[in-house]
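Enquirer: Mind docking chain U on chain R? Use the hints.
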Amino acid sequence: MGGGHGSSVDRLHLAGDTIIHRLAPHVKIVATFAFVISVAISPRQRVEVFAVAFACVLTLIMVARIPLRVWLARCAVILPFMTMAVLVPFVGGGEQTEVLGVSLSTDGLWAAFNIAAKALIGASASIVLAATTPVTGLLEGFARLRVPRVLISIVAFMIRYLDLLVAQLGRMRTAMVARAHDPRWLWQAKPIASSAGALFVRSYERGERVHQAMLARGYTGVMPDLVEQSRPRSDWWAAIVVPAPVVAVLVLRLL
Amino acid sequence: MFDTPAIVAMHAPDGFLEPGVAVVTAVIAVVVTAIGLRRATDELGDRQVPLAGLAAAFIFAAQMFNFPVAAGTTGHLLGGALAAILLGPWVGSLIVTVVVVVQAVLFADGGLTALGYNTINMSIVTAFGGWAAFRLLRRVMPANSAGVVGATALAAGISVVLSSAAFSIEWLFGASAPVAFDTVFGAMVGVHALIGIGEGLISALVIAAVLAARPDLVAGAADLDLADLSRPARVGTRTFVIGAFLSTIVVAAVVSQFAVDNPDGLEKVAEDEGFISSARDHALDSSIFADYATSGVDNATVSLAVAGVAGVLITLAVGYGLLGASRLGRRTQGA
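Note that the protein sequences, when read in sequence, are chains R and U. The first sequence lines up with residues 901 to 1155 when you count with this note's numbering. The second sequence lines up with residues 5 to 339 when you count with this note's numbering.
The following block holds chain R by itself, in its conformation from the complex (with noise of 0.2 Å):
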C-alpha cells in the first residue's frame, strides 16, 4: 500500500512530553513486541482477552495524548483486511448459523473476529510506538536490541533520501501532466516506467556520490554511532506493565 504511505516520515512521530513519550525506545520496543505476541497467540474464543488487550491500546493512547482521529486515519491501512474478515462468513465451511435470516459459517464468524481483533490491536500497537518515538530514537532502540549496525545504517539512509527521491518523482509527474500525458490504459504506462527506470539510475548515481563525499570526510566502513541520549534509567518496568493484563487475563483463562 506504498501509495498512501505519505512522503515524510517525521510527520509520523507525533511531539510530546507524555509518559510513553520519554520511555527509552528500546524498552518501548520490547513492550510494543511483547504486547502484539500476546495477543496474537490468544485463542480466537477467548473474547474477554482482546477486550483487556484492546483497553490496554486504547489507555496508551489516551496516555500518549494521540488524537483519536490520527489513530483511525492510520487504522486505515488494514482495511482491505477487514473487506476479506466480512467475506469469510459467507465463504466459509463447517456449522452454519443464522445471522438476520442468512446462513453464516460459525468457525467463519470466529474467524472474522480474530483477524479484525488482532488487526486492529496490532495495528494500534505499532501506531503508538512511532507515534511517540522519533525516527532516530527508534534506529537506536534498535541498535541498543542488537540489531546489525549495517542494517540499522541501511534503514537511517533509507529513510534519509526518502523524501528526496519522493520529491524528485512529484517533479517528474509534474513535468509529465505539464506536457498532457494523462494515461488510462496499462499499455499507456511507458512514460511512467521509463521515469522510474530514471528514478533507479539517478538514486543508485546520488549512493555513489553520497559514498564518495563520506569517503572524503574519513568514512572507514563503519558508521559513527547515532547520537545517544543520556536515559537516566532504562525503565524496564513499562516492558512488563505493558503486555502485563493480557498476559494475566490469557494465563487465567487457561488454567
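No lab work stands behind these hints, which were simulated from the structure alone. Fair warning: there could be bad hints in the mix.
What the hints assert, rightly or not - Pairwise CB distance ranges, derived in the manner of DEER restraints:
no., chain 1, residue 1, chain 2, residue 2, range
1, U, Arg42, R, Phe990, 44 to 52 Å
2, U, Pro146, R, Pro1124, 44 to 52 Å
3, U, Ala147, R, Arg969, 52 to 60 Å
4, U, Val31, R, Ala915, 32 to 40 Å
5, U, Asp46, R, Glu1105, 30 to 38 Å
6, R, Gln1088, U, Ala217, 15 to 23 Å
7, R, Val947, U, Arg42, 24 to 32 Å
8, R, Met1076, U, Pro146, 25 to 33 Å
9, R, Ala1138, U, Glu22, 23 to 31 Å
What the hints assert, rightly or not - Computed footprint of chain R on chain U; a stretch qualifies when at least three of its residues, placed anywhere within it, have a C-beta under 8 Å from a C-beta of chain R:
no., region
10, 57-70
11, 104-111
12, 175-183
Backbone N, C-alpha and C define an ideal beta-carbon position, used for all residues, glycine too.
Expert: Okay, now just chain U, sitting in the frame of chain R:
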C-alpha cells in the same frame, strides 16, 4: 484491481496465520536476511550502506509510482523481482526486506508478528523466485537487451504469482479461517496472475530505461557486452498487455485442470500429514462453480476450463470493486 489484491497476499496483519507459521517463517526470514547482509558486504564493500540505503529508498518510492491499469484505475509496483534483476538476488531481497520492515514498524502496514511471512512472501520469494525465473529465461532468450527486457517481463510476472503461491502454502499450514486451500490457492494465483501482467510490464520497461542509460547497473545483464546493451530494446507495450492477458486466461484454463482435482498434490500431502483436519469444503458448494466444475456443462475438461476462466474474470471484477474501497481508505489516511 491492482492495489487491493496485492495487499491480500502481502502486508498481512497480526494473527493472519497461526503462531507456528509466524515463528517458522520469522526464523527463515532472519537467516536469509543475515546471509543477505553478508553477501551485500562482499558485493558492495564499504559502498554498501549508501548504495543499499538509496536502492531501498528507490523501491519504497517505486511502490508509490501509480501506473494506469484500465479505464483510469491504477496499480503500483511491488518491486521484488525488479530489485533482484537490478542488484542481484541477495542485495535485492535485502533492500525489499528493509522496506517491508520499515512499513510494518513505522506505518503499521503489516503486523509485527506477521513480519516473518510478509518478508518471505514479499521480498525473499519475489527476489529469489524472480531471479531464478530470470536466469532460466535468459538461456532461451537472445543475448541482447531485448532478451534481458523480455526475460524481466516474464520473470517479474512469475515472481508475483510465486509470491501468492507461497502465501497459499503458508495458509495450508496455518490457516486462521475455515477457507480451504483450493479456494485460497485458486483465488490468490488467479488474482496475482493478473497483477503479474502489470508487474512484468512495468519492471521490463524500467529495466529497458536503465539499460539505455547505465547498462552496467543491471546485475542481470552483467554477462553481456555493454555496447550491445545500450541499444534500446523495442517493447510493444500494447501487444504485451493483450498477449499477457490472453495467456493468463489460457493458464487459468489449463492450470485449473491440475490444481482443482480433489485432492490435489499439496492437499494430499496435508491430508496424509493431518494438517487440514479442520479444512472443509466451503459454503459456495451449491454455487455453479462449486469445485470449479461448471454444472450444466457435461464435458469435464471444458467445464473446468470455463470455471477457471470465469474465476479470472470474477476476481478481476471483485478486485475492481474493492479498489474503490481501498481508495476511500487511502484518502482518509493522509490526515
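Enquirer: All hints, please: hold or fail.
Expert: Okay, the hints, checked on the actual structure:
1. U:Arg42 to R:Phe990: 44 to 52 Å: Since Arg42 of chain U and Phe990 of chain R have Cβ atoms about 48 Å apart, the given range 44 to 52 Å holds.
2. U:Pro146 to R:Pro1124: 44 to 52 Å: 49 Å, holds
3. U:Ala147 to R:Arg969: 52 to 60 Å: 57 Å, holds
4. U:Val31 to R:Ala915: 32 to 40 Å: 37 Å Cβ-Cβ, so the 32 to 40 Å window holds.
5. U:Asp46 to R:Glu1105: 30 to 38 Å: 22 Å, violated
6. R:Gln1088 to U:Ala217: 15 to 23 Å: 22 Å, holds
7. R:Val947 to U:Arg42: 24 to 32 Å: At 46 Å between Cβs, range violated.
8. R:Met1076 to U:Pro146: 25 to 33 Å: Holds, since Met1076 of chain R and Pro146 of chain U (Cβ atoms, about 32 Å apart) stay within the stated range.
9. R:Ala1138 to U:Glu22: 23 to 31 Å: Holds: the Cβ-Cβ distance is about 29 Å, inside 23 to 31 Å.
10. 57-70: holds (count 13)
11. 104-111: holds (count 7)
12. 175-183: holds (count 4)
Checked against the numbered hints above, the structure breaks hints 5, 7 and satisfies the rest.
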